[in-house]
Amino acid sequence: MSNEEIKEIISSTLPSATYDETGEWLNIAIDSKDWKKIATECRNGVLKMDFLFCLTCIDWKSHLTMLYHLTSTKLRHNIVVKANLDPAIAEIESVCAIWRTAEFHEREVFEMFGVNFLNHPDLRKLILEDDFKGFPLRKDFEDPINMIKL
Amino acid sequence: MYNQTEIIKDTTNLGPEGELIINMGPQHPATHGVLHLVVTLNGETIKKIEPHLGYIHRSIEKMCESLTYRQFIYVTSRMDYLSSHINNLGCALLIEKGMQIEVPERAKYIRVILSELTRIASHELWLGAMAMDLGAFTPFFYTFREREMITEIMEETCGARLTMNYIVPGGLMYDIHPDFQKKVKAFIKQFKEKVTEFEDLVTNNIIFQSRTKGIGILTAEDAISFGCTGPVARASGVSCDIRKLYPYDVYDKVEFDEVIETAGDSFARYIVRVKEMNQSIRIIEQLIDCIPEGDFVGKTKNVLKLPKGEFYTRVETARGELGVFVVSEGGANPYRIKFRSPGFSNLSALNHMAAGSKIGDLMATMGTLDLVIPDIDR
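As you go down the protein sequences, you meet chains Z and F in turn. Residue numbering for the first sequence follows the working numbering, beginning at 1 and increasing consecutively. Residue numbering for the second sequence follows the working numbering, beginning at 151 and increasing consecutively.
Among these hints, one or two may not hold up.
Said to hold, decoys possible - Listed below are the simulated BS3-like cross-link pairs for lysine-lysine, each with C-alpha atoms no more than 30 Å apart in a straight line:
| hint | chain 1 | residue 1 | chain 2 | residue 2 |
| --- | --- | --- | --- | --- |
| 1 | Z | K7 | F | K458 |
| 2 | F | K394 | Z | K139 |
| 3 | Z | K74 | F | K212 |
| 4 | Z | K74 | F | K247 |
| 5 | Z | K48 | F | K212 |
| 6 | Z | K82 | F | K212 |
| 7 | Z | K125 | F | K197 |
| 8 | Z | K61 | F | K212 |
| 9 | F | K425 | Z | K139 |
| 10 | Z | K61 | F | K394 |
| 11 | Z | K7 | F | K197 |
| 12 | F | K197 | Z | K82 |
Don't read these hints as lab results, they were simulated from the structure.
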């Protein structure tokens, strides 16, 4: 499916979405509140985005950006969905029920970036110790013992 | 990760009657590394498996943010150490794509040959180790005999046996050893003679078959939903070979088949890997005699600076799809790096695959997932 067709389908569900085609794939910027709606449409609609192959977060110091790389194993098109979050109240809807791989990836983002995933079935730390303080992959994280500044 | 206090707390907090919580690992002989599984049992039947990760978490993603684009490649050898060469290749491909560096044909050929040798070595180690988990000790020595030939080739050409660090952005660090082609051909000859031994010892073994057939079934829809890639997904009938779908280097010039099985059980995953070794041999045979002459590395600047933007590449490691995602601000260091490691996603399907089966079958299911712990923890 071409980028134009994908844009049309997304726009019919969410007119406020903005697009960026400068990268390798079509980037769709959405409001974090609309994520669940778009995710359901991508997975179950005509786009058939059944494979969430990368889920991550970027700390831009002023805000966090959640990134969802989606592909369709049948139609072979890729899109990237982005949602900006406020670092103080970082919250976004969990998509575990739509793509089950999200369960582990969201737990990783939760402990590394401090993003709270709403309605996640089991939101606990996965890699770090339970009493670990702070969010290591945020840019303002300081650890004078283990981190060496080059 | 599990805290010491938490473990003590758990023993006092017993579940419903007949339920038993067993800590498998972090030092269990069959987990091949420090993976901690908290298994909830009802009698001998598994109710739930909870993996606890992080025992060798080094925060490679954070570490890479303070390294340059030339340096960060070498850290990735320590992720999936059994396919370190392919990890390096993924990073090099990303930088080459971002900076539009021209790679000489000679380097491309050698990279593919070495990637396939790495894949065979990885699958052989897996075969030996998995058979040992299921109680067959002999295959371990048979597979290591052939694997040793590959590690020797790697040692001569790359200077290391495990963490190769041979690939640089733009090509290779130095040229291949003069004996490289001769040794690879000798390896192919021996491998073809001996591969039947694995079939006799393991594939046709009735005990092995009855312990793996119908065990740990993963359907195609679940494989996609859990983000499984590599032999795990291909054994469930999902076509996901990056070498076929998004060819890199010279994979579009060689003929090979994507091995797909449909049963989705442990035996299918075993068969996929054995057949994949034969396909890798097929790829090497097509390339080994026609490595073009010329430079082994393209011209690059001393300090590499990726243009501003986001870049993503994927390569097919021995375990599945490795995705390298880099956010660049235009500087000499990456702003953010994410490694989408195949083992992490494959492990997330373990609870789904093993729940309801017997504890003895867990070894077969986990063994055929081919988990490498540093790849999961990163």
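Next on the checklist: Check whether the Cα positions of Z/K7 and F/K197 lie no farther apart than 30 Å.
Outcome noted: The given pair, whose Cα atoms are some 44 Å apart, is violated under the 30 Å limit.
Item to check | Agreement of Z/K7 and F/K458 with the hint, judged by alpha carbon distance not exceeding 30 Å | outcome: holds (24 Å)
Checklist entry - Taken at face value, is the distance from the CA of F/K197 to the CA of Z/K125 at most 30 Å? => result holds (22 Å)
Checklist entry - Between F/K425 and Z/K139, does the CA-CA distance stay at or below 30 Å? => result Violated - the C-alpha atoms of Z/K139 and F/K425 are around 45 Å apart, more than 30 Å.
Item to check | Holds or violated: Z/K82 to F/K212, with C-alpha atoms at most 30 Å apart | outcome: Status holds; Cα separation ~21 Å.
Checklist entry - Holds or violated: are the alpha carbons of Z/K74 and F/K247 at most 30 Å from each other? => result Holds, at roughly 26 Å.
Checklist entry - Is the hinted pair Z/K74 and F/K212 satisfied, with a Cα-Cα distance of at most 30 Å? => result violated (35 Å)
Checklist entry - Given the hint that Z/K48 pairs with F/K212, does the C-alpha gap stay at or below 30 Å? => result Violated, because 34 Å separates the two Cα atoms, which is more than 30 Å.
Item to check | Holds or violated: Z/K61 to F/K212, with C-alpha atoms at most 30 Å apart | outcome: holds (15 Å)
Next on the checklist: Need the status of pair F/K394, Z/K139: alpha-carbon distance at most 30 Å?
Outcome noted: violated (38 Å)
Next on the checklist: Check whether the Cα positions of F/K197 and Z/K82 lie no farther apart than 30 Å.
Outcome noted: violated (37 Å)
Next on the checklist: Next pair to validate is Z/K61 with F/K394; report whether the Cα-Cα distance is within 30 Å.
Outcome noted: It is violated: about 39 Å lies between the C-alpha atoms, which goes past 30 Å.
When each numbered hint is compared with the structure, violations occur for hints 2, 3, 5, 9, 10, 11 and 12.
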